[in-house]
Amino acid sequence: GAVVSQHPSRVICKSGTSVKIECRSLDFQATTMFWYRQFPKQSLMLMATSNEGSKATYEQGVEKDKFLINHASLTLSTLTVTSAHPEDSSFYICSARDSLTGRNTEAFFGQGTRLTVV
Amino acid sequence: SQQGEEDPQALSIQEGENATMNCSYKTSINNLQWYRQNSGRGLVHLILIRSNEREKHSGRLRVTLDTSKKSSSLLITASRAADTASYFCATDATSWGKLQFGAGTQVVVTP
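First to last, the protein sequences are chains X and V. For what it's worth, my numbering labels the leading residue of the first sequence as 3, then goes sequentially. For what it's worth, my numbering labels the leading residue of the second sequence as 577, then goes sequentially.
Worth flagging that the hints you see were computed from the coordinates, not collected in a lab. One or more hints might be untrue.
As the list claims (entries may be wrong) - Mimicking PhoX-like on lysine-lysine, the simulated pairs with C-alpha atoms at most 20 angstroms apart in a straight line are:
hint, chain 1, residue 1, chain 2, residue 2
1, V, K646, V, K602
2, X, K16, X, K68
3, V, K674, X, K57
4, X, K22, X, K57
5, X, K68, X, K22
6, X, K66, V, K646
Remember, it's a predicted structure, so these values are computed and weren't measured experimentally.
The shape of chain V in the complex, shown without the other chains (with noise of 0.2 angstroms):
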């Protein structure tokens, strides 16, 4: 079953905006990872941030990690109409590298 929930399930926004999308879950993670898929496309990694550490960032991308609220955050600055897409998180909580994926956000950026 899926761990985590994201929100906002779409957000539309004009280039050169920020965008926010926020994932909460349920259990201890070792990590979180955000990835982006194209439609009809396999996924992309962004970025991975470690249970210890509580942001990272990434050219235009910046993720936060708060585990007392069992919640992250992914931020794109000054968006671009290539950053149309779908973004999720998933959650890695075993020593294998199982993901469970939140819901994802659906990102439209207008020139």
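The following block holds chain X by itself, in its conformation from the complex (with noise of 0.2 angstroms):
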């Protein structure tokens, strides 16, 4: 079945650094890919829509210059949190679906990034 790959896992970084989250399609290709944040007992909160070979879709409140989306080929987005503080630590999730199929098909997730600030 159709796999999306999140790296890292798990990353502690120190505030005022960044860092970089890759979300990849591993067998199919994704012109749109999705970038969640998950606080812990919460749901989903869709941050933005990335989209290949042009600028991300962010939802509104979600700061442009702080969660940094790149969508350069049709398998690889990245986010990067940029000068991260204690307040970014949380859960990411990205996810995709086949930009092959039909509109009612299934997204796929990656395993999740999380975040510690410290």
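Please assemble the complex out of the two chains, which come individually in their own frames, going by the hints.
Right, here's the structure in full:
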């Protein structure tokens, strides 16, 4: 079945540093990928839609200069948390859907990245 | 913003019992999907039901969709301890697969 690989699974960084998270679709092409954030015992909140070859679309309230998204190929999207602060600590999850399938198809999720900013 | 509301927020049952959780949403949709998440892990897709479908089955899972009420339900029959997880509904109202998630139901199945 289709697989989305997300790396790293866990990262601890110091305040003020930047962290890059990668999301790869392993056996399908994805012109669009999605980045979510999840706080403990809460649901997934969509942060942004990553579009291959163009700018990402950010949800209301999400700082685009804080969360940089790059979707340079049909199989890779990256999320960079810039100048991280403790309040950025969270679980970040990406998802993708096979671009060649129709609209009524499932999304595949990465394993998630647990970011801890100290 | 999240579109879906789910209830109950938490459900505790014994093995062998059935578990039912409900999801409501606000706008027209193309499809509604149910996902499962084990603690601290990614999401696993369970079932997708299209807006023109009313019921769908997959193994011990049964999903219903009532577009007139903008609601869906997920039934897990003959639950097992391994079914312990959080379950989320997600609605897709776009052509590019953007999902809006419900608040989730935390299910605990005790042996």
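Each hint tested on the structure:
Distance restraint check for K646 (chain V) and K602 (chain V): the Cα-Cα separation of roughly 7 angstroms lies within the 20 angstroms cut-off, and the hinted pair is therefore satisfied. Taking the CA atoms of K16 (chain X) and K68 (chain X), the gap is about 16 angstroms. The hint holds against a cut of 20 angstroms. Between K674 (chain V) and K57 (chain X) the alpha-carbon distance is near 16 angstroms, which keeps this suggested pair within the 20 angstroms criterion. Restraint check for K22 (chain X) and K57 (chain X): the C-alpha separation of about 17 angstroms stays at or below 20 angstroms, so the hint holds.
Distance check on the hinted pair: K68 (chain X) and K22 (chain X) sit about 12 angstroms apart at the alpha-carbon level, within 20 angstroms; holds. For the hint linking K66 (chain X) to K646 (chain V), the alpha-carbon distance of about 33 angstroms lies beyond 20 angstroms, and the restraint is violated.
Hint 6 from the list above is the single one not met by this structure.
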